[in-house]
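*Asks:* Protein chains in written order, with UniProt numbering: chain Z, 1 to 583; chain F, 1 to 287.
The set of hints was computed from the structure by calculation and includes no laboratory data. You can trust all of the hints, since none of them are fake.
With a Cα cut of at most 30 Å, we get these calculated DSSO-like pairs of lysine-lysine:
1. Lys174/F to Lys29/F
2. Lys174/F to Lys422/Z
3. Lys45/Z to Lys11/Z
4. Lys120/Z to Lys158/Z
5. Lys422/Z to Lys387/Z
6. Lys422/Z to Lys29/F
Here are a few chain Z residues that sit away from chain F, every Cβ distance over 12 Å (derived from the structure):
7. Ala156
8. Tyr176
9. Asp182
10. Pro188
11. Glu328
12. Ser516
13. Val525
14. Thr536
15. Arg572
16. His574
By construction, the Cβ of each residue, glycine as well, lies at the ideal position given by its N, Cα and C atoms.
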Amino acid sequence: MQEIGWKVGGKQGEGIDSTGDIFAIALHRMGYYTFTYRHFMSLIKGGHTNYKIRAANQVLRHHGDFVSVLIAFDQTTIDVNWPEMVDGGVVLYDQSSFQAAAPSDRGVHLFGIPLTELAKGAGGAIMKNMVAIGATAAILQLQPDAFLPVVQDKFAKKGQDVVDSNMRALRAGYAYYAQHYDVSLPAPDLPKKTADHLYISGNQATGFGALAGGCRLLAAYPITPATEIMYWVIEHFPKHGGLVLQAEDEIAAINMAIGANFAGVRAMTSTSGPGFSLMMEALGLAGMSETPVVIVDVQRSGPSTGLPTKTEQSDLQEAVYGTHGEIERIVLTPRTVEECFYYTAEAFNLAERYQCPVIVLTDLYLGMSAQSVDGLPTERVTIERGKLISDDALAQMGRFAYQRYDASLADGVSPRALPGQKNARYVALGNEHNGVGLEVEDQQTRVDQVAKRARKLANFTHESGVSVDGRADAEFALVGFGSTWGVLEEARASLEVHGLIVKHIHFSRVAPFPASALEAALRGVQRALVVELNSTGQLAQLMQQHVNCHGVLANCLKYNGDPMSLKEILTRAHEVFPAGVLN
Amino acid sequence: MSTIQDFQTERATWCPGCGDFGVLNAMQKAAVNLGLEPEQVVIVSGIGCSGKMSQHFGGYGLHSLHGRSLPTAQAVKLANRSLTVLAAGGDGDGYGIGMGHFIHAIRRNVDITYVVMDNHIYGLTTGQASPTSDVGSRTKTSPHGSVEEPIVPLQLALAQNCGFVAQGFSGNIKQLTSLIERAILHRGFSLVNVFSPCVTFNKVQTYEFYKRHLVNLDDDPDYNPNDRITALHRVAKAQNIVTGLIYEDPERASFDQTVYGYPDTPIAANNWVLSREDTAEILATFR
Ligand SMILES: Cc1ncc(C[n+]2csc(CCOP(=O)(O)OP(=O)(O)O)c2C)c(N)n1
Ligand code: SF4
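Turn these sequences into a full structure, and let the hints guide you.
*Replies:* Right, dumping it as structure tokens:
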């Protein structure tokens with residue numbers, strides 16, 4: 001695979017994000033597959049931030065370990081990102097604002113460009129990022145004109161003047177580089193254009209999935225990295241008869257989602273760690289009252305407010321076990337942007353079919369990384385509302401006959417009535433209750449109702465929940481859940497190149513736990529490396545709880561806030577998988 | 001046409017003489033007087049003796065969490081605007097654990113009616129101090145007398161510019177019925193705080209106490225319930241021991257009238273399927 005690793009870094013507030021966005025979208029529009037990753041801090045101005053773009057001529061699922069072109073707006077950017085530079089790569093720094101220093105041992109070219117000065121010449125210092133993009137275009141031998149459509153889109157609202165001056169800045173950077181330096185790192189050959197080349201982040205895909213899945217009410221409270229879901233949804237829900245409520249807190253948000261579902265509207269809430277914790281009591285209410293609700297938790301580093309702008313996969317067990325008492329819930333862990341879309345849409349079907357909460361667990365890495373994909377599975381989305389009782393059935397029943405919580409049904413799923421339907425008056429409640437929904441504390445009712453609720457998911461069969469990539473007979477396995485699918489696939493491919501046959505077992509659902517699918521996947525496996533972004537091996541613990549695989553598992557854990565890198569997985573794999581097999 | 005029987009369920013589980021019976025009664029009468037059918041009314045309650053209201057009132061019910069009736073009720077109404085939605089709870093439920101939601105419900109101004117059974121005590125948990133307990137009240141958790149300043153719900157609501165503020169008394173069902181009717185008819189968030197004696201745990205704020213001290217503003221021909229500042233003064237002067245329609249701003253627009261894009265048809269009745277064209281249009285934004 002031919003690829004480029006490009007990064008721009010500087011102080012927060014210097015326009016790093018918009019620089020990255022423009023370049024990434026330009027590459028995407030040219031026909032490349034891109035994957036972006038934003039490194040940022042929990043402050044608005046100052047501090048170090050950087051924006052990584054990896055581009056290639058095939059779909060990418062990981063931001064890659066390496067950088068070949070680094071745009072440095074300050075010395076910190078060079079110091080922090082130096083380890084990622086490839087030998088023979090190029091660092092472009094703003095020589096109008098500092099004199100760069102870097103070790104000379106790796107053959108990395110350190111080229112100064114008067115970014116700020118050239119930008120001023122084109123119309124304003126803020127356009128130094130456009131100068132940098134122009135200089136990069138020269139390194140990669142991309143034509144400046146190829147950027148015009150993106151610049152047009154981005155700045156047309158501000159007037160043709162702004163478009164023109166940005167293009168002027170870009171061309172100035174291009175010309176300066178071409179005149180002064182002769183190192184080029186040509187961009188990969190363009191791929192054959194695919195049918196539906198989309199540039200989309202996990203959070204956007206989640207919002208779109210909700211809309212496509214029939215969700216028409218989102219109640220949420222702002223929190224990084226989940227807020228982008230709210231942004232997307234607020235732009236689109238009102239156009240399609242839906243409503244977005246900025247709740248006063250997460251407790252209100254989830255209770256609103258429950259209220260709307262009770263009234264018959266598909267509704268959800270989106271949040272991240274601390275907000276998810278605040279929702280635990282209401283999660284129990286949804287479970288006990290058998291009210292459908294969808295909760296998206298875009299995980300970030302915890303506990304508490306932890307590292308609010310960094311990624312982690314440490315809410316896994318909270319999602320699986322969280323809330324007092326015991327309730328049935330479904331926990332989906334999308335692996336890709338496409339799955340963010342499809343599983344969020346499907347979450348509403350599952351919530352209504354089983355009348356229970358469905359948690360969609362993503363994370364900052366998947367949620368905020370925009371990437372190019374070959375379309376979304378929109379044709380797979382259906383709206384199936386589960387068991388709803390009809391007006392006719394109720395008319396035949398007469399008053400007081402309807403049992404909302406009929407415990408005698410074999411599958412445990414009793415038909416729902418919606419407020420407004422005659423003869424079906426009932427109370428949805430968090431207290432233990434009898435068939436008609438009245439609070440009852442007698443022992444038999446309690447036991448029957450617990451059993452009823454447990455039966456709902458006892459024979460859950462929705463997709464396998466576990467994917468297996470690679471050779472079925474492999475003795476070694478890489479295991480993960482959710483967002484690490486992409487880097488694990490790269491690791492598998494890389495290990496195979498080195499002669500090690502591995503399979504890649506990956507969870508896209510953790511509750512109900514797909515125990516038999518895991519058991520089948522683990523058959524014949526001598527050693528399994530469970531890769532997860534937390535410090536205690538939460539997935540490995542769940543696996544051990546459900547399947548006898550104790551002696552087989554080894555951990556690869558990371559919790560410093562950065563996403564998993566390919567190199568770390570490979571290093572750990574070399575330690576864990578018996579020596580001699582690798583060559 | 002519905003009758004009181006249509007809004008009755010099994011016998012209520014409150015202590016004999018509990019003020020909440022009167023509130024239930026008034027709510028049922030108000031529903032009948034307004035010509036509502038049981039399936040059109042949803043009561044969302046919190047937790048407490050007062051929270052049992054959703055079970056005892058014969059409409060649809062959502063017996064939610066302690067303090068969380070308001071967010072839940074607002075969403076029920078917004079999901080299906082053709083329903084009549086009431087939230088019901090106690091002073092602990094609404095002004096203790098649920099206080100944040102109360103203020104925000106006033107701000108948001110969704111068209112629901114909030115009935116608070118204010119007994120100045122935590123009933124269901126057997127008699128602890130509540131946010132409306134007077135300074136000096138001796139309870140199980142304030143054996144030496146409560147020292148915190150009580151919340152005055154009416155003043156709080158008035159200060160936050162609540163569009164409809166009323167106070168009733170379980171011992172005057174006729175007035176309470178009419179206040180609840182007017183609250184339901186008011187388009188926007190409406191508060192009906194009700195002095196609803198807890199005959200088991202509160203020996204101070206009893207029926208007799210209220211009968212002796214209550215001033216009924218509805219009987220005062222000079223009182224103008226459309227003037228917020230006068231209302232604030234009057235409540236303060238009477239040390240909150242008043243009943244009646246305290247304040248109404250019939251002009252204040254409700255959330256559904258002002259929020260961008262809110263549909264005329266109930267969201268619950270909408271078609272939720274994205275058409276091919278809509279899907280294509282959205283996909284185009286990602287190219
Ligand atoms: C989160 C939570 N905390 C505490 C409780 C216990 N609890 C139940 S009812 C109640 C107080 C009820 O007082 P109030 O709202 O005044 O209602 P009343 O019983 O007096 O009608 C409390 C503290 C609970 N159910 N949930
Ligand atoms: S404890 Fe008080 S509030 Fe509760 S039912 Fe008895 S009298 Fe009513």
